[in-house]
Structures are given as structure tokens and as C-alpha cells.
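Since chain R is already given, all that's left is putting chain F on it; use the hints.
There are 2 protein chains.
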Amino acid sequence: MSKKLKKGAKKPTLAVVGATGAVGTVMLSILSERKDVWGEIRLIASARSAGKKLMCRGEELTVVALSPEAFDGIDVAMFDVPDEVSAEWAPIAVSRGAIVVDNSGAFRMDPKVPLVVPEVNPKDTKKRPKGIISNPNCTTLSMIVAMGALNKKYQLKELVVASYQAASGAGQPGIDALREQISAVAGKNLGEATSDVRTVVTKNDVFPAPLALNVVPWAGSLKEDGYTSEELKVRNESRKILGMPRLKVSATCVRVPVLTTHSLAVHATFKNEVTRKGAQKLLAKAAGVTLLDDPENKKFPTPNDAVGTDATWVGRVRRSPDDKKSLDLFLCGDNLRKGAALNTAQIAELLAVELTK
Amino acid sequence: MSKKLKKGAKKPTLAVVGATGAVGTVMLSILSERKDVWGEIRLIASARSAGKKLMCRGEELTVVALSPEAFDGIDVAMFDVPDEVSAEWAPIAVSRGAIVVDNSGAFRMDPKVPLVVPEVNPKDTKKRPKGIISNPNCTTLSMIVAMGALNKKYQLKELVVASYQAASGAGQPGIDALREQISAVAGKNLGEATSDVRTVVTKNDVFPAPLALNVVPWAGSLKEDGYTSEELKVRNESRKILGMPRLKVSATCVRVPVLTTHSLAVHATFKNEVTRKGAQKLLAKAAGVTLLDDPENKKFPTPNDAVGTDATWVGRVRRSPDDKKSLDLFLCGDNLRKGAALNTAQIAELLAVELTK
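Chains R and F are the protein sequences, given in the same order. Residue 1 is where the first sequence starts when you use our numbering, and the numbers rise one by one after that. Residue 1001 is where the second sequence starts when you use our numbering, and the numbers rise one by one after that.
Simulated from the structure, these hints should not be mistaken for laboratory data. You can trust all of the hints, since none of them are fake.
Derived lysine to any residue pairs resembling SDA-like cross-links, with alpha carbons at most 25 Å apart:
| no. | chain 1 | residue 1 | chain 2 | residue 2 |
| --- | --- | --- | --- | --- |
| 1 | R | LYS157 | F | ASP1225 |
| 2 | R | LYS3 | R | ARG128 |
| 3 | F | LYS1281 | R | LEU222 |
| 4 | F | LYS1152 | R | GLY226 |
| 5 | F | LYS1223 | R | ASP322 |
| 6 | F | LYS1157 | R | ASP225 |
| 7 | F | LYS1298 | R | ALA184 |
| 8 | R | LYS325 | F | ASN1236 |
| 9 | F | LYS1299 | R | GLU180 |
| 10 | R | LYS298 | F | GLY1220 |
| 11 | R | LYS271 | F | ASP1225 |
| 12 | F | LYS1248 | F | SER1229 |
| 13 | R | LYS298 | F | GLY1105 |
| 14 | R | LYS324 | F | LYS1248 |
| 15 | F | LYS1248 | F | PRO1111 |
Since the model is a prediction, treat every value here as computed from it, not as a measurement.
Next up, chain R with everything else stripped away, as it sits in the complex:
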């Protein structure tokens, strides 16, 4: 599906669908910070939010309601909405002439929709028979840039992943729920050395257990064999992005009381022998990666360091004492930026380059 700008247009037009959500809000600030490759930017959201005014690139923009006509004249549409909204509206946007970059789970595993991380598989943006490109899940995105770089040199064989996922992975309601719970437990006498927050945290619609002073081994919905949708996304999306359909991947996804930025402990096994120094050197140079690995001075990434930044932070790089082909690492990535809005914007920018060629 090749596409050209309208005659006379110098820059492509962009729609942000879901502009008022947690990711949409971050998207507007990212669009304001990055190189300005866009002509008109149109903000689209549910009818409820229509008429709302938001700032982007220093201009005040008025949100318009989602409708087929809202996509008229749009070259690229970025979607940050629930799966079912994307499933319905992305094809409508395409039928109105837009290329869609979708951050929902609706199309990620569709063989006719590429799943793209610009640092890893940028060329896949060109193979888009449906006019739709998918953006990976935030948990996959918190490690895949670093894993892609290591894979190029050492060839991945297996990933064992344990996640430390932030509340904002469940959107604004997740952030609000954690803030509320933290306020409820603060200063309370919770008994000697116990973390019993049940007594003070009663309302809890977003997470299946209290999150303040607790960790909750659940994200997403139940899928095959006891795995959650989130855990299978880490497996299936990593395989698709890396182009390795047989890569062994096991993940356990756990929610932690952090507002924003996912962390992951990864045990990666390769076909080739690795060295700690070699891996550190490679990661220090890899695009999109910030290496913070100085254990002598207790320097390593934490969510608090990574939040609000664009990079995948990597530290605690170690070669397994029992296997010369395995590395243990700890990674942090802002799930609202690289994990969502930033990667979507980067894909859209690849399309802007293509459209203005």
C-alpha cells in the first residue's frame, strides 16, 4: 500500500486518537519535544472529551469526537485506545486514507500487521498490507531494545523474565488507585513489622489485591495453562519483533507499587558465549539504551531514574556463574514513554520520512 501526500502538502498530517488518556497525555508532550515533522495535528477522543482544549507544540488544540469524518485528510493516525475501540476504528481510519499506528493489543499478533520497534526492526514498517502497524506492549518494550542489540551479536536462545510493573500500566485508574492506597497506609500503625494493608485498603477495583506495601503477581487476563495475557504478550511479541518464532520465553508478570516505569529481571541465554565486559560495551553503544552499571559505586537503574526518559536503562549485567552463554540483567523503561507513546511516535516518524520522500 503506497501512499503519497496531497498535492502541495509539505508535511504529513497526524491524528492522535485517545489524546486525553494517560498515554495520550504523554504523547502530546513527546510531540512537542521531538523534531517537528508534522503538518496539522488533530486530536481525537471519545465524544465525552470533544471540545476539550489541550496544548501541543505550543498551540492550543481542540479535541474532536471520534467519527469516520474525523480521519479525512489524515496521513498517519496514532491510536491509544482500548483493544475493542482499535479493532473497530483502525480499519475505518485506513478506509479514510490514513496509515494507522496502533498501541492496542488488537492487531499485534495479526500476521498481516507488522509489530515494530524502530531500534530493532524498522524495515518491517514497509510490510503493512492492512495499512496498520502495531506498537508492542509496554512490558515487552521495556526490554526488547536491549535484547535486540544483544541478539545481533550473541543470538538469543531463551529468555526468562520476571517483571516489576508500575501501576500506570493499568492507565490513569491504576495511578489513582495506587496514590489513594499509599495515602491510606501512610502513617498508619500497621502492626509490628507487618505489611497488612487489608485493614486500610478496602476499595480496590483496578488491581486484584492491595498494591500499596504489597506486590501482586497478576497483570492482564487469564489465558492458556495458567499464564496471563501479559505474560504471553512478552513471549509472543518478543518472538515476532525479533523474527524468531521459536525463541523460548517464560515470563512471570508482577505489579509493584511504583507509579510509572516498568522494571524487568531478565535471564538471557544465547547460542554463543558471552562476556560481561563484551555485553556492557555493546549495550553502552546500543541505540536507545542507557547503561548504568557500576556496582562498585552502587549505581544501577531504578524506576525513579528511568521515569520521564526515553531510553531503556540497563544495569546489573552479570554472566551466570554456571553458564558461559547466559546473562542476568536488570532493566527499567518508562512504560508511558518508550513503552507506549514514544515508540508509537517513532514509528509514525518513520512513516513521515517515507511519505515525504
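Relative to chain R, chain F alone:
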């Protein structure tokens, strides 16, 4: 080294060394709850705490200062003190006639000191040429009861562990630091959707980074090849307890903002094929294990469920989709109880049985 009770004594005497610390406090309540196998119980602590009165078994006991004479007449001495204090004083207690059960790291890897988990290797208590038995580290203890049970049936080959460790693993100062930080961040406007607690958490002597609204991939001190002492303990202690000196173990230890109870995501690979149902059935019956694994109803263990209980809680049992010999599990264990005081008390009770035979 065989030992008998003093003539006429019906029950052995017990010393609790470090009675006023975070673990010591839990120890006194555990001794009050369990079957009463002890004659005199003597509380020992640093000179600073001498004279303090504490309740145990419904009696008020007066803490005595640590001295060689304090061990006179003691049959079993449980130590919950820093490594260097154990290293100096455990041999003194032995020279005064006591058998020592030590919960520090001082003797754990000494080949002449057994490392015991009563559900896994109770018979090792008898091989104690130095008169000292070591209690494992709390992180190892949070999984080893369940792993020991699985190992008996399926034979372990490899463990990949990621921990979610509570603040109380760093003792009372850890608990206090987290409580203080939680109070400091509660209700504060930390910026839209960020976890930037740096602005409000300034004093932080216990952990190398803020812990409230954050996770910190560091516990213990730096050892070989970038691993921490805590990570190598998980490896070396698991091997020793299971009697498998070549077991492959990789661990990444991460502190989370939970007051008490460590959690672990474990990817365990066995020599034999496993099934999810078979593993669940085995764990449901295993001594010291509580299986809570009903994902259909979103039931799984969290620190909040496990805190204050004796069992190792296991849930999220899954067989890896890519390997019939691998299981993914999530475990929780109260690091002050089974992870420290309870296991020490259980070892001491094995000695009480031996002494009264």
C-alpha cells in the same frame, strides 16, 4: 559431638541471643505459640539492652548482657545477630556447652557446619562437628521448602530466581526507613504519573536508593563478577541444603516497598518432565507449603497474605509453553518467620528432641 541434659533436667534450656532485634522480637512470639519443649529460656542481647524486660511464654524475662558466663547451663543457643558477632560468640557458646543454631552468614558455607531446613534436610542437624548449625538466608528460605518438595519428585537441574524482597530483610532500620519514606511521599503531588520520590526522600541510609514508589535491584554487598552477596547466597545455600553442589542457579535480588515477606518468581528446570497438575498436587500436600493457585478466581499469594504465617506460599504454577521440563512459580514467605526465627526455632526443636531422647 553428643550431648546430654544435666542430671535431673527434663527439658533443655534455651538462649535467644539478639532477643531485642527485628527477628528476635518475632522469635519470642514464635516461642510463645509453639509446643513448649524448653525449660529455662534466657534472653541475651548487647550490654545496651541488658535489663530490658520482654514477654515470652506469658512470663516477663529480663535481658542479660552477652558474656561467656551468660551461656553457662544453656543446652541450645539461637543466635540472631550480625555476622561478626556470631563469628566471635558462637564458638564461645559452644565452649560453654551449648549447641548453637546461628542465623547469620558467618558459618553457612563452612563445610563443617550443616545448613538446615527441617522440611528438606532434617538429618543434617546430626553432622555438626563444630557444635554449630546454620540457618539459611531469608531469601533462600522463601523458596527452598517448595523447591525441595519438587526436587524429590522431578529432580532439579536449574533455578532462575528474581526476588521481591521486603524492607525488613534489612532489619528494624529497613522497616523504619520504608515507613518514613511512605509517609513522606503520601499525598504529595509527584508530578503527573511519575514516581519521582527524590524530591521528598532525602535521608536514606539503609537502602542505596529511595524505596517508596520504587524498586531497588540491590541487596547485600558486591561479590564476584557483579553478583551481590544476597544473590550468591541463593545459589550457594540452595546447593548445600539440597545436597546438589552442581545445581545451576542464577538470581537477581531486588528490594521492593513491602514491609515484611519476601516474594520470588522462580523458573525451575528439572531432569524429568513435569505437569502443572502434578506439581500443584505435590505442593498442596508438601509439609510447610500452602498452595494458593486458583487463577480463574484471581487467587494467588501476595506478601499481604503470607505475612505473619509460617508457610511458604506458592501460586501461579505454570508449565513453560516451550519446555516440558520447566515450571514458572510465584512464592511468598514471611522473611522474619520461616525466613529467620521460625526455621531457627524448628532446628532448635529437632535438637530438643535429640537431647531428651
